[in-house]
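Chemist: Okay, here's what each chain looks like letter by letter:
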Amino acid sequence: DTAVSQTPKYLVTQMGNDKSIKCEQNLGHDTMYWYKQDSKKFLKIMFSYNNKELIINETVPNRFSPKSPDKAHLNLHINSLELGDSAVYFCASSQERSRYGYEQYFGPGTRLTVT
Amino acid sequence: AQKVTQAQTEISVVEKEDVTLDCVYETRDTTYYLFWYKQPPSGELVFLIRRNSFDEQNEISGRYSWNFQKSTSSFNFTITASQVVDSAVYFCALSEAYGNNDMRFGAGTRLTVKP
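Protein sequence lines correspond, in order, to chains A and B.
All residue numbers for the first sequence refer to the working numbering, where the first residue is 31 and numbers rise by one.
All residue numbers for the second sequence refer to the working numbering, where the first residue is 478 and numbers rise by one.
For reference, chain A alone in the conformation it holds in the complex (with noise of 0.2 angstroms):
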């Protein structure tokens, strides 16, 4: 059983498009996160959510979006791709924050390229 699934795994699509990358945990945690990893393998957080509530957003343009229907789920929106979004995605989860100790568990990533 997949622990922390996104779909899907690549995504290609041009400038000015929308897209959407789902993310399923099925680990029952009470946090999921969405982190963007570019070329040079830097991992950056982009947002975390905990009980649907939104609790961290680093400086990422408005164009990205997440939106948590319920615990288990953390999508992220992309609206008017550019060129410079382009990138591997992770979604992870945790028990709870890991301000308070807990380790992450991470997707397969989700790698997009805008041409």
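Don't read these hints as lab results, they were simulated from the structure.
Glycine included, C-beta positions come from ideal geometry on N, C-alpha and C.
Misleading hints may appear alongside valid ones.
What the hints assert, rightly or not - Calculated lysine-lysine pairs in the BS3-like style (CA-CA distance at most 25 angstroms, straight line):
hint, chain 1, residue 1, chain 2, residue 2
1, B, K515, A, K52
2, A, K71, A, K39
3, A, K70, B, K547
4, B, K591, A, K71
5, A, K70, B, K480
6, B, K515, B, K493
7, A, K49, A, K97
8, A, K66, B, K515
9, B, K591, B, K515
10, B, K480, B, K547
11, B, K591, B, K480
12, A, K66, A, K101
13, A, K52, A, K74
14, A, K70, A, K49
15, A, K71, B, K480
16, B, K480, A, K74
17, B, K515, A, K71
18, A, K66, A, K52
19, B, K515, A, K39
20, B, K515, A, K74
21, A, K101, A, K52
22, B, K480, A, K66
23, A, K49, A, K74
24, A, K70, A, K52
25, B, K515, A, K70
26, A, K70, A, K101
27, A, K39, A, K49
As the list claims (entries may be wrong) - Covered stretches of chain A (in silico footprint by chain B; criterion: 3 or more residues with CB under 8 angstroms from a CB of chain B, positions within the stretch not fixed):
hint, segment
28, 63-72
29, 117-127
Please build the complex by placing chain B on the supplied structure of chain A, with the hints as guidance.
Modeler: This is chain B only, laid out in the frame that chain A set:
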């Protein structure tokens, strides 16, 4: 602000050599948590270990060992008798109990183990 430095960008060793990956962190909090993650060529991020700031005991898990030293703000990771399957990017990460960022990652160290 929290900061994690992994000064070694890339390391290359021959199989069966021992290798140490360095991690130095900065924080003003007295309560914090340190993590190591592995990202093999397949791309997923795998949790390896968590250590809290009050526990300086070193840990050994098979060929892996971790050395946490608060005096030098370091949390180094040693692989003994390295194997080709250890080839991956290894990330060190920090969470502060009173910080805003749930987890901040270092830039990663790419380890290549040659047969």
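Chemist: Taking the hints in turn, state whether each one holds.
Modeler: Status of the hints after comparison with the structure:
1. B:K515 x A:K52: holds (23 angstroms)
2. A:K71 x A:K39: Within the cut-off at roughly 17 angstroms; holds.
3. A:K70 x B:K547: At roughly 29 angstroms apart (the allowed maximum being 25 angstroms), K547 of chain B and K70 of chain A break the hint.
4. B:K591 x A:K71: Measuring from Cα to Cα gives roughly 21 angstroms; hence the hint holds.
5. A:K70 x B:K480: holds (18 angstroms)
6. B:K515 x B:K493: Holds, at about 19 angstroms.
7. A:K49 x A:K97: Holds: K49 of chain A and K97 of chain A sit about 13 angstroms apart, inside 25 angstroms.
8. A:K66 x B:K515: holds (16 angstroms)
9. B:K591 x B:K515: holds (18 angstroms)
10. B:K480 x B:K547: holds (15 angstroms)
11. B:K591 x B:K480: Not OK: K591 of chain B and K480 of chain B at ~31 angstroms, beyond 25 angstroms, violated.
12. A:K66 x A:K101: holds (21 angstroms)
13. A:K52 x A:K74: holds (18 angstroms)
14. A:K70 x A:K49: holds (23 angstroms)
15. A:K71 x B:K480: Given that 25 angstroms is the threshold and the Cα spacing comes to 17 angstroms, the pair holds.
16. B:K480 x A:K74: holds (13 angstroms)
17. B:K515 x A:K71: Distance ~12 angstroms between K515 of chain B and K71 of chain A Cα, so the pair holds.
18. A:K66 x A:K52: holds (14 angstroms)
19. B:K515 x A:K39: holds (19 angstroms)
20. B:K515 x A:K74: holds (16 angstroms)
21. A:K101 x A:K52: holds (13 angstroms)
22. B:K480 x A:K66: Measuring from Cα to Cα gives roughly 18 angstroms; hence the hint holds.
23. A:K49 x A:K74: This hinted pair holds, its Cα atoms lying about 20 angstroms apart.
24. A:K70 x A:K52: Holds. K70 of chain A to K52 of chain A sits at ~24 angstroms (cutoff 25 angstroms).
25. B:K515 x A:K70: Holds, at about 15 angstroms.
26. A:K70 x A:K101: violated (31 angstroms)
27. A:K39 x A:K49: Roughly 13 angstroms separates the two Cα atoms, so the pair holds.
28. 63-72: With 4 residues closer than 8 angstroms to chain B, the segment 63-72 of chain A meets the three-residue bar; holds.
29. 117-127: holds (count 5)
Consistency note: the structure conflicts with the earlier hints numbered 3, 11, 26.
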